[in-house]
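The hints should help you fit chain A onto chain H, whose structure is shown.
Line by line, the protein sequences give chains H and A.
If you're matching positions, the first sequence starts at 1 in the working numbering and goes up one per residue.
If you're matching positions, the second sequence starts at 1 in the working numbering and goes up one per residue.
Heads up, a few of these hints could be off.
Each pair may be met inside one copy or between any two copies, as identical chains are not told apart.
Stated by the list, open to error - Below 25 Å or equal to it, Euclidean Cα-Cα: the simulated SDA-like pairs (lysine to any residue) are:
(1) LYS22 - HIS387
(2) LYS261 - ASP29
(3) LYS361 - LYS372
(4) LYS273 - THR350
(5) LYS94 - ILE344
(6) LYS273 - GLY245
Hints listed in this document are in silico derivations from the structure and should not be mistaken for laboratory results.
In case you want the letters, here they are:
There are 2 protein chains.
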Amino acid sequence: MAERIVKIGLVGFGTVGCGVAKLISEEADSIVAKTGLRLELGCVVDTDTESARPVKLPDGVLTDDIDRLLNDDTIQIGVELVGGTDAAKEIQLKMLRAGKDVVTANKALLAEHGNELYKAAQQNDRCIAFEASCAGGIPIVSAIRTGLAANNINAMYGIVNGTCNYILSNMTSQDQDFSQALTKAQQKGYAEADPTLDISGGDSAHKLAILASIAFGCEITLDDIFVEGIEAISKNDIRYGGEMGYCLKLLAIGQKDAQDKVSLRVHPSFIAKDSALARVDGPFNAISIFGNAVGQVMYYGRGAGMMPSASAVVADIIDVALGNSATTFQHLHLRPRNEVEPLIVKIGDTVSRFYIRLMAKDQPGVVACYGKVLGDNQISISGALQHEGSGPDNTVPVVIITHQTQQKNMSAALAELEKLDVFSGKPVCIRIVDIPEDKEG
Amino acid sequence: MAERIVKIGLVGFGTVGCGVAKLISEEADSIVAKTGLRLELGCVVDTDTESARPVKLPDGVLTDDIDRLLNDDTIQIGVELVGGTDAAKEIQLKMLRAGKDVVTANKALLAEHGNELYKAAQQNDRCIAFEASCAGGIPIVSAIRTGLAANNINAMYGIVNGTCNYILSNMTSQDQDFSQALTKAQQKGYAEADPTLDISGGDSAHKLAILASIAFGCEITLDDIFVEGIEAISKNDIRYGGEMGYCLKLLAIGQKDAQDKVSLRVHPSFIAKDSALARVDGPFNAISIFGNAVGQVMYYGRGAGMMPSASAVVADIIDVALGNSATTFQHLHLRPRNEVEPLIVKIGDTVSRFYIRLMAKDQPGVVACYGKVLGDNQISISGALQHEGSGPDNTVPVVIITHQTQQKNMSAALAELEKLDVFSGKPVCIRIVDIPEDKEG
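If we strip away everything but chain H, and leave its shape as in the complex, we get (with noise of 0.2 Å):
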């Protein structure tokens, strides 16, 4: 079968940048026999064009002149790898009018500017395909738009954060604190310097912003998603859940209820231990579906780093170039803010169960107390355990699990007790993630 030349302009020569120029020229024989295509990098456009890379170019084609690229017409597809939502959102509107199609690894920028980036791709008869923006190396994206696409899916629960994955698995495997855990993540190169959109839970938070998009046909905006991050975590909390059957996760999770109600919240979460998701450790991700059809679906690999995230580039880049991506996104129809802003859930209205750490004072009436409030408040206890060991100033941990509660009375009964002087400090509050695991048997 003849051979097509697909020509590809790269903005952003940095690491995934590297693997995906890697890629094309390792596997571009291969990619010639699965798919007719044969890909080339037309230019790689990067303001530092001195600095060392693993990966060689022919001579020429490094730039630091974006025009060369929006200028050549043989260039068919411009990939975005700068990063950032400022600069690389004037990149990708400049590619898209000077009539390229653009692929992106780009979460902050689809998740904050989405809408108005898709709309200028539609404007100028182009796509944007943006595998690679989520869980890296799962073809997460297509599964959901292809693979899926007969299903009503009704929750997504994703570890998409590869940071807090590793922190979080090296703080329940190797009982370290969360500080010596980051540490160690920077060290591996599992965490940036300054890791604060990672923990935050924020970077999660745009992933599920662009996969719930996707999933429930809505657009989703950041504002929808509740965000808590893993900073305050401790090592005792995540040691006395496992006490109970429980692992602690970073979740991002997607919701829809039978009234097409959406939720949507990142937030630690504490989910059995024979759950599938518990068992994904270190720089991981995985993310388990629910279609109406399908039941259970789970997804796991790398969600980062430099081949993963190039895997993701080029597939996309293929896809695009066979024609694919330009049917799919022609029918990302989201439905408009202005339809489904009523549609999504308060974070108060939101129900779960509840793990909570109080610290007691050894003194009589501790139970009578942390009972009235959580009763006072309509929550109901499941189990509890006064751990010894003391804490600062002798006191007791005591940890309870409730029964399934509103997030707003459970709130309420927080600031309650923080007031109260048998306890001291803030109590712990840790959320229960049922996963409700398709099993049968």
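Relative to chain H, chain A alone:
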């Protein structure tokens, strides 16, 4: 956006056929929103037009006359869900010649006559989509062909037969005999009245032939695949292996070495209890794939059943109607037999660790006996355990774990061991598969 009507002809109105009809009717509006396509059943062909089914068709749609489908030019896509190989092949060929694209879940047919059908499709400028043929609800065919297209796939390890996995899971967790577990599987609807194709490993081999041919880009026939079923597995070996840290699964394995030599086999496999596939229980399927760029990815979900399979069929219908299947199908470039045949690794040349169980008579010299036979065949022992508790004729089970060795050495050793007086009966030999888990941390 304007909607486009896509008319479908369905042949075979059994379980999956009913699921497809149900999805097409119940998800019609949601599919329009996601894809712009309004799927409609032009006709449903089945020799049985009388029996009650769990789904209601519009009047006049059900017929026993396939010519109605073939002669209806408004029908674009023919879905073959008849099963079996003879009649089904004729039906697919007729549909292709009549200008219909084909969607099928028929793994046996594709594994045996795929190449002939693919050629017929290409001659008629049509495509065949077959996501539902492998691992039902898991979009694994599209994952390999699109999501992982930039990867050189080195290996795949799959639990692709839910019947066998259900039986082995029950033998493991409930300490059931094979026959008890099979009966339970039949009662639960997870095994057919005649379970031969499943328990013999034949069905897994069909799926491996399809998946390996697209993953490795070469024509695979069933003769290339070594197949051993689970009929002879004893619950004692599952228990003994469990004591040594292994879990028994029927795996479909495809590996490609650095010289592009391909090894294909389906057999009971002891895998490490903490490996991801060890945790796949009951009727579920899972496939781990190793790509050179992406590392390890794993897909998990229901491998069969009315709605999971229907979900895959309808996803294929959508993909065909959008034209995406045509472009990927065009590049289903499988290197022909004459080039590939010498590249298949013969089973005797494959290397593995082994679990051996011998029933030793209670007399001196047992260890020296097996030690000599294994040593003479260049097999070294990594662990051995003589179990208490007696078998028939006052024998005791001796379990041996070997280091890596070639299958032909092991076969020679087993033949010698069988002849020795000191052991009773045939030695049990189960391969230990070391899945190279991609772990870091």
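(message) With identical chains, the pair LYS94 and ILE344 could be close in the same copy or across copies; at 25 Å between alpha carbons, which is it: within, between, both, or neither?
(response) neither (33 Å within a copy, 50 Å between copies)
(message) As a check of your reading, is LYS273 near THR350 (CA-CA no more than 25 Å) within one copy, between copies, both or neither?
(response) within (23 Å within a copy, 37 Å between copies)
(request) Could you place LYS22 and HIS387 in one of the four classes (within, between, both, neither) given a Cα distance threshold of 25 Å? (result) Intra 54 Å, inter 54 Å, cutoff 25 Å: neither.
(message) My question is about LYS261 and ASP29: at a cut-off of 25 Å on alpha-carbon distance, are they close within one copy, between copies, both, or neither?
(response) between (48 Å within a copy, 18 Å between copies)
(request) Tell me, please, which holds for LYS273 and GLY245 at an alpha-carbon limit of 25 Å: within, between, both or neither? (result) Close inside one copy (6 Å) and across copies (19 Å); limit 25 Å.
(request) Give the relationship of LYS361 and LYS372 under a CA distance limit of 25 Å: within one copy only, between copies only, both, or neither. (result) This pair counts as within: shortest intra-copy Cα distance 17 Å, inter-copy 69 Å.
When held up to the earlier numbered hints, the structure conflicts with 1, 5 and fits the remainder.
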